[in-house]
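Given these sequences and hints, build the entire structure.
Number of protein chains: 2
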Amino acid sequence: MLVLSAIKNVKEDIKENLLDKFGEDAEFKFCHGIDEAKDFLPEAEVFITYGEDLDDAFVKSAKKLKWIMVLSAGMDMMPFEQIDKQGILVTNSRGIHAGPMAEYAISMLLQVARQTKALIEHEEKHLWDRRVKMTEISGSTLVVVGTGAIGQEVARLAKAFKIKTIGLSKTGKMKPHFDETFPVDQLYDILPRADRVVAVLPSTPETEYLLKAEAFEQMLDDAVFLNMGRGDLVATEVILEAVRSGQIAHAVLDVFEQEPLPETSPLWDEPSITVTPHLSGISPQYMYRGFELFEKNMAVYLSGKEDFINKIDTKRGY
Amino acid sequence: MLVLSAIKNVKEDIKENLLDKFGEDAEFKFCHGIDEAKDFLPEAEVFITYGEDLDDAFVKSAKKLKWIMVLSAGMDMMPFEQIDKQGILVTNSRGIHAGPMAEYAISMLLQVARQTKALIEHEEKHLWDRRVKMTEISGSTLVVVGTGAIGQEVARLAKAFKIKTIGLSKTGKMKPHFDETFPVDQLYDILPRADRVVAVLPSTPETEYLLKAEAFEQMLDDAVFLNMGRGDLVATEVILEAVRSGQIAHAVLDVFEQEPLPETSPLWDEPSITVTPHLSGISPQYMYRGFELFEKNMAVYLSGKEDFINKIDTKRGY
Numbered sequence: 006m007l008v009l010s011a012i013k014n015v016k017e018d019i020k021e022n023l024l025d026k027f028g029e030d031a032e033f034k035f036c037h038g039i040d041e042a043k044d045f046l047p048e049a050e051v052f053i054t055y056g057e058d059l060d061d062a063f064v065k066s067a068k069k070l071k072w073i074m075v076l077s078a079g080m081d082m083m084p085f086e087q088i089d090k091q092g093i094l095v096t097n098s099r100g101i102h103a104g105p106m107a108e109y110a111i112s113m114l115l116q117v118a119r120q121t122k123a124l125i126e127h128e129e130k131h132l133w134d135r136r137v138k139m140t141e142i143s144g145s146t147l148v149v150v151g152t153g154a155i156g157q158e159v160a161r162l163a164k165a166f167k168i169k170t171i172g173l174s175k176t177g178k179m180k181p182h183f184d185e186t187f188p189v190d191q192l193y194d195i196l197p198r199a200d201r202v203v204a205v206l207p208s209t210p211e212t213e214y215l216l217k218a219e220a221f222e223q224m225l226d227d228a229v230f231l232n233m234g235r236g237d238l239v240a241t242e243v244i245l246e247a248v249r250s251g252q253i254a255h256a257v258l259d260v261f262e263q264e265p266l267p268e269t270s271p272l273w274d275e276p277s278i279t280v281t282p283h284l285s286g287i288s289p290q291y292m293y294r295g296f297e298l299f300e301k302n303m304a305v306y307l308s309g310k311e312d313f314i315n316k317i318d319t320k321r322g323y
Numbered sequence: 006m007l008v009l010s011a012i013k014n015v016k017e018d019i020k021e022n023l024l025d026k027f028g029e030d031a032e033f034k035f036c037h038g039i040d041e042a043k044d045f046l047p048e049a050e051v052f053i054t055y056g057e058d059l060d061d062a063f064v065k066s067a068k069k070l071k072w073i074m075v076l077s078a079g080m081d082m083m084p085f086e087q088i089d090k091q092g093i094l095v096t097n098s099r100g101i102h103a104g105p106m107a108e109y110a111i112s113m114l115l116q117v118a119r120q121t122k123a124l125i126e127h128e129e130k131h132l133w134d135r136r137v138k139m140t141e142i143s144g145s146t147l148v149v150v151g152t153g154a155i156g157q158e159v160a161r162l163a164k165a166f167k168i169k170t171i172g173l174s175k176t177g178k179m180k181p182h183f184d185e186t187f188p189v190d191q192l193y194d195i196l197p198r199a200d201r202v203v204a205v206l207p208s209t210p211e212t213e214y215l216l217k218a219e220a221f222e223q224m225l226d227d228a229v230f231l232n233m234g235r236g237d238l239v240a241t242e243v244i245l246e247a248v249r250s251g252q253i254a255h256a257v258l259d260v261f262e263q264e265p266l267p268e269t270s271p272l273w274d275e276p277s278i279t280v281t282p283h284l285s286g287i288s289p290q291y292m293y294r295g296f297e298l299f300e301k302n303m304a305v306y307l308s309g310k311e312d313f314i315n316k317i318d319t320k321r322g323y
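From first to last, the protein sequence lines are chains C and Y.
Taking my numbering, the leading residue of the first sequence gets 6, the next gets one more, and so forth.
Taking my numbering, the leading residue of the second sequence gets 6, the next gets one more, and so forth.
Hints are not guaranteed to be accurate.
Since the list gives no way to pick one copy over another, a pair counts as held whenever it fits inside one copy or between any two copies.
List time: in silico DSBU-like cross-link candidates among lysine-lysine, alpha-carbon distance up to 35 angstroms [what the hints assert, rightly or not]:
| hint | residue 1 | residue 2 |
| --- | --- | --- |
| 1 | K26 | K169 |
| 2 | K130 | K65 |
| 3 | K217 | K90 |
| 4 | K164 | K316 |
| 5 | K180 | K167 |
| 6 | K217 | K65 |
| 7 | K164 | K301 |
These are computed hints drawn from the structure, not numbers from a lab.
What follows is the structure in structure tokens.
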């Protein structure tokens, strides 16, 4: 059987490890992207991809394909109808972003609380000023909108800082590391309790523009809002208005309605908004963790069992 | 009995709480600093101070004084000989810095790992650049030099980030939240294992200039060194040389041989050194926590018991 990878720049130790573990059962072909990989698709039984390079024609050409391992969590560009038609198994890498994204969230909340921008400015000016008004994140209340793997990891770290954690999700079902959870339709009742709000919701029709101006009106004046889920959770103008009118103290944004964020966007220069270029999930460990997941699923695949990690429903696409 | 406080700007709710709890047993006098408080010292049985305003004459004048509560951990400026002569009990606020200092340490380690300075610079330039080379702090190894209350709190938070924690102290005795502990004389054997080194040692003759050039030679090229203990742990030139020669990747300094750090110090402009103005222990909660300690000790004092929190040996001064 041929295991075909279209992942660019796979590290040598990852390749060696896979050959070491599965070299007797499978032949591996590591290609530098789909242009190089497409010629081998008709022979591949397993295909490893970031999920952005497949179309109907490629899938149709993959006559022997039984399993697509997607080395990311975003599945928006996968041609699921054709994949489903051919009965191909799909697994993805949901969960491996949780670690770096939770680190990002805590890092940014600390940065705002401890006035990092002011401290760096003072450093540049050689200014010894101990009166910078810092707060602690310890002892505060954090509302996490989205209680999946990422939200839970944010909550787990927050608990270490003795932060009270409240989770909002569609069902409001209790999840690990949360002190309380509620259905997201109770949003307006919960937001007034939050010192900080972290949004990690994926983009679905239900979450699109979920946070409207009224949501920010409910938040505390000194609340900090952080969005690292999807950019269409809240309209740019709504956030701008919320910080400019003092409804909240600060917004940290890693995702935007339009990405890359246009150079002319007013978000860049707004003093109470921190912009980062959709990097919360980036990690030097990413490829290792993705292939580690592949390795586990490959063992399941070879054993003929069915208990795959992150198996995708190809009819629903998630 | 008179309880005299020289602490400036004591919050009204703190005063009310103390009167509420101890108003029947004691009279409270809250003064705005020693200049206002000194006239009442001869009548005071209990004196609350930051520990920087007393001299021999003041102590001699305090004929009825039985207990000095120091609302800080630094005791360098206390006239202990005279205090000891008069048999006055001294307690301090050791431990209440642990929370904010540990937050500071984690915040700064995240800042360096996640390239916050570069991200802020890009934001100022409206530059969407996702190639900034970030690392995670999760999964790394942290050496904490000093395993007291502060070091333990740093280790506790680090463990939440799945960081391996190694503690160094005089005795090397095992302490909570450390995976391993060693006597500080094994420093040179331990340092090569550290991705990050956090120093929280107090200033004693034994720790003065403990970290010499050879210590930095032992560290990893990509190690980050953070000092929030005392400035005389390491000479300025040694740190400068260590980062300039690439022996370590970055130094975060909150304490210095000379404070305030002179405007002309080369530390300010060194790209691989982050300077903060001795603020790791500053917290808006500080006064509350200090008076909370006082409250507990006041209950002990009134009960005639001896189990004071943070009782100081007035012969040794710590």
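Now the hints, each set against the structure:
no. : hint        : result
1   : K26 - K169  : between (44 angstroms within a copy, 28 angstroms between copies)
2   : K130 - K65  : neither (61 angstroms within a copy, 45 angstroms between copies)
3   : K217 - K90  : neither (39 angstroms within a copy, 68 angstroms between copies)
4   : K164 - K316 : both (30 angstroms within a copy, 31 angstroms between copies)
5   : K180 - K167 : both (18 angstroms within a copy, 21 angstroms between copies)
6   : K217 - K65  : neither (42 angstroms within a copy, 66 angstroms between copies)
7   : K164 - K301 : both (30 angstroms within a copy, 26 angstroms between copies)
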